[in-house]
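Student: Keeping the supplied structure of chain A fixed, place chain L upon it in accordance with the hints.
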Amino acid sequence: DTGVSQDPRHKITKRGQNVTFRCDPISEHNRLYWYRQTLGQGPEFLTYFQNEAQLEKSRLLSDRFSAERPKGSFSTLEIQRTEQGDSAMYLCASSSKSGDSAEKLFFGSGTQLSVL
Amino acid sequence: EDQVTQSPEALRLQEGESSSLNCSYTVSGLRGLFWYRQDPGKGPEFLFTLYSAGEEKEKERLKATLTKKESFLHITAPKPEDSATYLCAVRNSWGKLQFGAGTQVVVTP
Numbered sequence: 001d002t003g004v005s006q007d008p009r010h011k012i013t014k015r016g017q018n019v020t021f022r023c024d025p026i027s028e029h030n031r032l033y034w035y036r037q038t039l040g041q042g043p044e045f046l047t048y049f050q051n052e053a054q055l056e057k058s059r060l061l062s063d064r065f066s067a068e069r070p071k072g073s074f075s076t077l078e079i080q081r082t083e084q085g086d087s088a089m090y091l092c093a094s095s096s097k098s099g100d101s102a103e104k105l106f107f108g109s110g111t112q113l114s115v116l
Numbered sequence: 001e002d003q004v005t006q007s008p009e010a011l012r013l014q015e016g017e018s019s020s021l022n023c024s025y026t027v028s029g030l031r032g033l034f035w036y037r038q039d040p041g042k043g044p045e046f047l048f049t050l051y052s053a054g055e056e057k058e059k060e061r062l063k064a065t066l067t068k069k070e071s072f073l074h075i076t077a078p079k080p081e082d083s084a085t086y087l088c089a090v091r092n093s094w095g096k097l098q099f100g101a102g103t104q105v106v107v108t109p
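For the protein sequence lines, the chains are A and L, in the order given.
Counted from 1, the first sequence has number 72 at position 72 by the numbering used here; the numbering is strictly sequential.
Counted from 1, the second sequence has number 92 at position 92 by the numbering used here; the numbering is strictly sequential.
Calculated directly from the structure, the hints in this document are not laboratory data.
Owing to the predicted nature of the structure, the values given are computational and were not obtained by experimental measurement.
Certain hints may be false.
Cut-off 30 Å, straight-line C-alpha distance, at most; resulting in silico cross-link-like pairs (DSBU-like, lysine-lysine) [unchecked claim]:
(1) K57(A) to K59(L)
(2) K68(L) to K11(A)
(3) K11(A) to K42(L)
(4) K11(A) to K59(L)
(5) K68(L) to K104(A)
(6) K104(A) to K96(L)
(7) K68(L) to K14(A)
(8) K79(L) to K57(A)
(9) K79(L) to K104(A)
(10) K11(A) to K79(L)
(11) K71(A) to K57(L)
(12) K59(L) to K104(A)
(13) K42(L) to K104(A)
(14) K14(A) to K57(A)
(15) K42(L) to K71(A)
(16) K104(A) to K63(L)
(17) K42(L) to K57(A)
(18) K42(L) to K79(L)
Where chain L lies over chain A, by a calculated footprint (3+ residues, C-beta under 8 Å) [claimed, not checked]:
(19) 36–43
(20) 104–114
Cβ atoms here follow ideal geometry from the backbone N, Cα and C, with glycine treated the same way.
Same shape as in the complex, but just chain L:
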C-alpha cells in the first residue's frame, strides 16, 4: 500500500532561519510527487511537481528535491508569510494521489 510520511509534524522558525521539510514515500510506480501549501481555512495550493530522482524545482524561497525514497522542501531565509502547512503527495501508476499529513510551519519575525 502506498504511504507518505512527512516530518517534522510542526516546525517553528525565526525569520531568516533556513530549514528543510522531509517527505518519505513508498509507492507502486511513481507518476509524480507533488508539494502543496495550505493556509488555514483554505484548500491546498500547488507548488511543485517532481517526476524523477535528482530533479529539483525552485520558487522564490522554496526549493524541492527528489530521491528514490524521499523528497525535501528547503525553505531559505523564510519570512512570516511562508507560515503555512506544507503537504506532500504522490501519484502511483494507477493514477491515485496519496497525501501525507503535512508539516505545519510557523515563521516568527
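Just chain A, with the same shape it has in the complex:
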C-alpha cells in the first residue's frame, strides 16, 4: 500500500499528558500537511512542510504543538500538556506539486485523539 499512513489510529490520554503522532507520506511526495478535524466540521489547516522545512504554521497551532519532519520523510506532531479541547481527528496529507497546477492532497486515515 503506497498511501499516506498514520499511527496510531486512536489515542486516549489524560489531560496534561503529552502525545505524539506519526505520519508516513507517499514516498515521492515532498509536501506534507497536518490538519485537525472536529465532528461536523471540515479539516482545519495546522502546518505544512516542504521537504524538511516547516513553511507555514496556523494561528491555531499553540506553542503546545510542535511538528517535525526530519530528513524530509516521515513527520511527527507532538502535543504537550493536552487539554480536553485538543480532542479531534488529526489528519496528515501529502502532495507533490508540479508546475502551476493546483496540487492534489492525499490524506491518511487520521489519528483520533480523545483527552479525558
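Tutor: Coordinates of chain L only, in the frame set by chain A:
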C-alpha cells in the same frame, strides 16, 4: 477572508433519487476548487479539481460544476455506497486550502 459554505448540512435520499449539493465560496484568487469524499473514521478522498467557471468533471454517478461563486456536486441515481460526507475546499492565490463543513449524504435502499 476566504469562506466556504456548504448546503445542505445533511441530505437523505432514496436509492435512485438524484440531487445536488452546493458549495458557495469567496476567495482571493481562486487556484482550484476541490471536492472530497469522506467516510466515517477515514480521511478525505480526492474526487475532483475544478479550475475555472464553466468547467465540469464527471466520475461515475458524480458530476461537479463550477461558476464564479459556487460549485455543485450532482449525484445521479445514487446508490447506498454513495453515502458519505462530501467536502468542498478552495485554494487561494497564496496556496492556502480552506475547507467547508461538508454535506452528510445518506442513501437508503
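Student: Now tell me, hint by hint, if it's right for this structure.
Tutor: Each hint tested on the structure:
The suggested pairing of K57(A) with K59(L) is violated, with an alpha-carbon distance near 34 Å, which exceeds 30 Å. Restraint check for K68(L) and K11(A): not satisfied, since their Cα atoms lie roughly 42 Å apart, outside the 30 Å limit. A hinted pair counts as satisfied when its Cα atoms are at most 30 Å apart, and K11(A) with K42(L) qualifies at roughly 15 Å. Between K11(A) and K59(L), the direct Cα distance comes to roughly 36 Å. Violation of the 30 Å bound is thereby established for this hinted pair.
Distance hint between K68(L) and K104(A) is fulfilled; the C-alpha atoms sit about 21 Å from each other, no more than 30 Å. Restraint check for K104(A) and K96(L): satisfied, since their Cα atoms lie roughly 12 Å apart, inside the 30 Å limit. For the suggested pair K68(L) and K14(A), the alpha carbons sit about 47 Å apart, so the restraint of at most 30 Å is broken. For a cut-off of 30 Å, the pair hint linking K79(L) to K57(A) is broken: about 40 Å separates their Cα positions.
Taken as a hint, the K79(L) and K104(A) pair is honoured in the structure, with Cα atoms around 26 Å apart against an allowance of 30 Å. Distance restraint check for K11(A) and K79(L): the Cα-Cα separation of roughly 34 Å exceeds the 30 Å cut-off, and the hinted pair is therefore not satisfied. A threshold of 30 Å between alpha carbons decides the hint, and for K71(A) with K57(L) the separation of about 38 Å lies outside it, so the pair is violated. With a CA separation close to 16 Å, the supplied pair K59(L) and K104(A) stays within the 30 Å bound.
Distance check on the hinted pair: K42(L) and K104(A) sit about 17 Å apart at the alpha-carbon level, within 30 Å; holds. Between K14(A) and K57(A) the CA atoms are separated by roughly 26 Å; this keeps the pair inside 30 Å, and the hint holds. About 27 Å separates the Cα atoms of K42(L) and K71(A), which keeps this hinted pair within 30 Å; it holds. Distance restraint check for K104(A) and K63(L): the Cα-Cα separation of roughly 18 Å lies within the 30 Å cut-off, and the hinted pair is therefore satisfied.
In summary, the hint linking K42(L) to K57(A) is supported, as the alpha carbons are separated by about 24 Å, within the 30 Å threshold. A C-alpha spacing of about 20 Å is found between K42(L) and K79(L), which places the hinted pair at or below 30 Å, so the restraint holds. A count of 4 residues in the stretch 36–43 of chain A with a Cβ less than 8 Å from any Cβ of chain L is obtained; the coverage claim is therefore met, three being the minimum. Counting residues of the stretch 104–114 of chain A whose C-beta lies closer than 8 Å to any C-beta of chain L gives 8; at least three are required, and the coverage claim holds.
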